[in-house]
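Protein chains in written order, with the working numbering: chain A, 77 to 326; chain B, 476 to 732.
Calculated directly from the structure, the hints in this document are not laboratory data. For every residue, glycine included, the Cβ atom is placed at its ideal position computed from N, Cα and C. Be careful, since some hints might not be right.
Coverage of chain B stretches by chain A, computed from C-beta distances (three or more under 8 angstroms per stretch; other residues unrestricted) [unchecked claim]:
hint: 1; stretch: 494-501
hint: 2; stretch: 516-523
hint: 3; stretch: 541-548
hint: 4; stretch: 554-568
hint: 5; stretch: 649-661
hint: 6; stretch: 693-700
Chain B is nowhere near these chain A residues, computed Cβ spacing over 10 angstroms in every case [said to hold, decoys possible]:
hint: 7; residue: Val106
hint: 8; residue: Met215
hint: 9; residue: Ile222
hint: 10; residue: Phe246
hint: 11; residue: Tyr290
hint: 12; residue: Leu309
Quick list of in silico lysine-lysine cross-link-like pairs, DSBU-like style, CA-CA up to 35 angstroms [said to hold, decoys possible]:
hint: 13; chain 1: B; residue 1: Lys491; chain 2: A; residue 2: Lys93
hint: 14; chain 1: A; residue 1: Lys315; chain 2: A; residue 2: Lys93
hint: 15; chain 1: B; residue 1: Lys505; chain 2: B; residue 2: Lys656
hint: 16; chain 1: B; residue 1: Lys502; chain 2: B; residue 2: Lys577
hint: 17; chain 1: B; residue 1: Lys491; chain 2: A; residue 2: Lys324
hint: 18; chain 1: A; residue 1: Lys324; chain 2: B; residue 2: Lys656
hint: 19; chain 1: B; residue 1: Lys577; chain 2: A; residue 2: Lys324
hint: 20; chain 1: A; residue 1: Lys87; chain 2: B; residue 2: Lys491
hint: 21; chain 1: A; residue 1: Lys315; chain 2: B; residue 2: Lys491
hint: 22; chain 1: B; residue 1: Lys656; chain 2: A; residue 2: Lys161
hint: 23; chain 1: B; residue 1: Lys505; chain 2: B; residue 2: Lys491
hint: 24; chain 1: B; residue 1: Lys577; chain 2: A; residue 2: Lys93
hint: 25; chain 1: A; residue 1: Lys315; chain 2: B; residue 2: Lys502
hint: 26; chain 1: A; residue 1: Lys87; chain 2: A; residue 2: Lys324
hint: 27; chain 1: A; residue 1: Lys315; chain 2: B; residue 2: Lys505
hint: 28; chain 1: A; residue 1: Lys161; chain 2: A; residue 2: Lys87
hint: 29; chain 1: B; residue 1: Lys502; chain 2: A; residue 2: Lys324
hint: 30; chain 1: B; residue 1: Lys505; chain 2: B; residue 2: Lys577
hint: 31; chain 1: A; residue 1: Lys315; chain 2: A; residue 2: Lys87
hint: 32; chain 1: B; residue 1: Lys656; chain 2: B; residue 2: Lys577
hint: 33; chain 1: B; residue 1: Lys577; chain 2: A; residue 2: Lys161
hint: 34; chain 1: A; residue 1: Lys93; chain 2: B; residue 2: Lys502
hint: 35; chain 1: B; residue 1: Lys656; chain 2: B; residue 2: Lys502
hint: 36; chain 1: A; residue 1: Lys324; chain 2: A; residue 2: Lys93
hint: 37; chain 1: A; residue 1: Lys161; chain 2: A; residue 2: Lys93
hint: 38; chain 1: B; residue 1: Lys577; chain 2: B; residue 2: Lys491
hint: 39; chain 1: A; residue 1: Lys161; chain 2: A; residue 2: Lys315
hint: 40; chain 1: A; residue 1: Lys161; chain 2: B; residue 2: Lys505
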Amino acid sequence: MSAQIPISTFKPYRGEKARLARAYDYLILVLALFLFIGSFHLHFALTVGDWDFWVDWKDRQWWPLVTPLIGITFPAAVQSVLWDKFRLPLGATLCVAALLIGTWVTRVFAYHYWNYFPINMVLPATMIPGALVLDTLLMLTNSLTITSIFGGAAFALLFYPTNWPIFGMFHQPVEVANSQLTIADLFGFQYIRTGMPEYLRIIERGTLRTYGQYATPLAAFCSALLCSLMYPLWWYIGKWFADTRYLKSI
Amino acid sequence: MATTTEHVSLSTEPPKLLPWYLIDLPKYLKGFGILTVIYVGLRLYQGAFAIEHGLDSTEPAFEQYWMRLFYIELAIIAAVASGYWGYLWTTRDRNLEQLAPKEEIRRYFTLTMWISIYTFAVYWAGSYFAEQDNSWHQVAIRDTPFTANHIIEFYFNFPLYVILGGCAWLYARTRLPLYAKGISLPLTLAVFGPFMILVSVGFNEWGHTFWFREEFFAAPIHWGFVIGVWFALGVGGILLQGVTRLIELLDRIPDAE
């Protein structure tokens with residue numbers, strides 16, 4: 077047994093029924109807000125985590141790759157329900173905005189006011205521009221394929237340039253004890269994190285530095301490819317969870 | 476003076492502040508208020524006593540300020556679980572076949588409020604206190620599974636949202652015909668999946684016996700929590716089930732201004 081929406085009954089409600097439907101909408105809005113802050117934030121904190129927490133982790137190699145790749149998951153899953161079933165083109169923006177509310181509240185009250193990390197050290201990244209493009213593209217094309225390829229790619233490619241105005245200043249070079257660091261690195265060395273060993277604070281790896289200015293676009297395009305694949309995967313995960321069956325037993 | 480008489484008779488009726496479908500709204504708002512006071516109170520307690528008495532689990536003060544809180548939490552959790560689940564089960568509707576459409580609509584609103592309270596608890600457990608765990612463990616050495624943040628996050632917040640999710644599940648199962656006839660798959664996923672996050676505490680703490688540090692938060696020993704929270708996406712299915720049934724029920728009641 078599963079729920080089937082009777083199409084013949086779709087008609088505008090009036091009077092009490094209209095007010096009832098509107099009241100239900102408001103209840104769902106409150107429910108959805110806390111649901112997506114709580115669930116998406118936990119998912120994000122435990123998979124992207126450190127790249128979003130700390131300014132010195134916002135490197136050119138992993139940050140532009142990991143953040144959009146994990147960040148596109150819940151937006152895709154929620155779009156598959158809100159767009160497919162309700163024609164609401166806001167699933168991605170809703171998820172990302174909810175995540176941003178959750179991270180900001182935590183960074184201010186858990187990091188800054190409790191443990192005295194400077195707020196500049198723990199600023200969250202934004203994915204709002206990519207989410208807006210993702211929602212707009214789905215609405216305009218109504219196509220999972222086009223949104224996966226172009227929306228997924230845009231979500232990844234927009235990430236670094238739209239965050240640059242927030243984090244660019246922390247990439248300024250400084251000289252400390254005869255070594256050249258970025259200001260972000262300096263934050264990492266000045267504010268001791270007891271749980272984080274020294275080797276994890278040297279973020280960039282391999283021959284990256286010989287790649288110079290090409291490292292960031294390379295990471296972004298790699299992320300674009302992976303996001304194009306991650307998007308449809310999570311679209312179908314969202315669909316699977318939004319099952320409407322009633323079972324005889326569990 | 477007929478008009479005056481009419482006014483007098485109307486004024487003796489109790490004022491209807493809320494429509495029939497929102498009769499449980501005050502309880503819902505009180506639920507939000509009570510939870511907010513509890514969570515903010517716990518955060519203030521951490522602010523007051525974590526640095527002073529919560530850095531070393533071998534200190535006698537740790538026992539006094541933190542382990543005592545842990546035991547109190549366990550007692551509260553046991554009382555709330557047995558109280559709410561017992562109440563919902565013993566007061567179940569035994570005559571669901573006779574349920575009027577208006578009453579069923581009202582109950583769908585109340586179920587939505589239960590799920591909303593559940594998601595509010597998921598917010599505090601999954602968002603605020605979860606990420607605060609990283610912040611605290613970059614300041615304190617985690618020399619015990621009962622750190623100043625774990626005592627609140629793992630042993631109070633997690634069980635509390637499990638209890639509230641269980642309340643939503645039981646409410647639906649005992650008071651709404653469709654949920655009583657069959658077991659809703661999305662509601663079950665949305666309640667039992669996040670319950671597995673509580674179970675994942677065991678895996679997490681076992682992993683941390685190897686690394687007492689929080690080297691990095693995105694480590695694989697934390698991914699059990701991640702898989703559990705994906706199941707919260709089942710709420711999309713609950714919404715579809717609810718909307719579908721409400722459309723049917725609204726067709727069965729007369730239009731009113």
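Okay, which hints does this one fail, numbers in order? 3, 4, 7, 17 and 21
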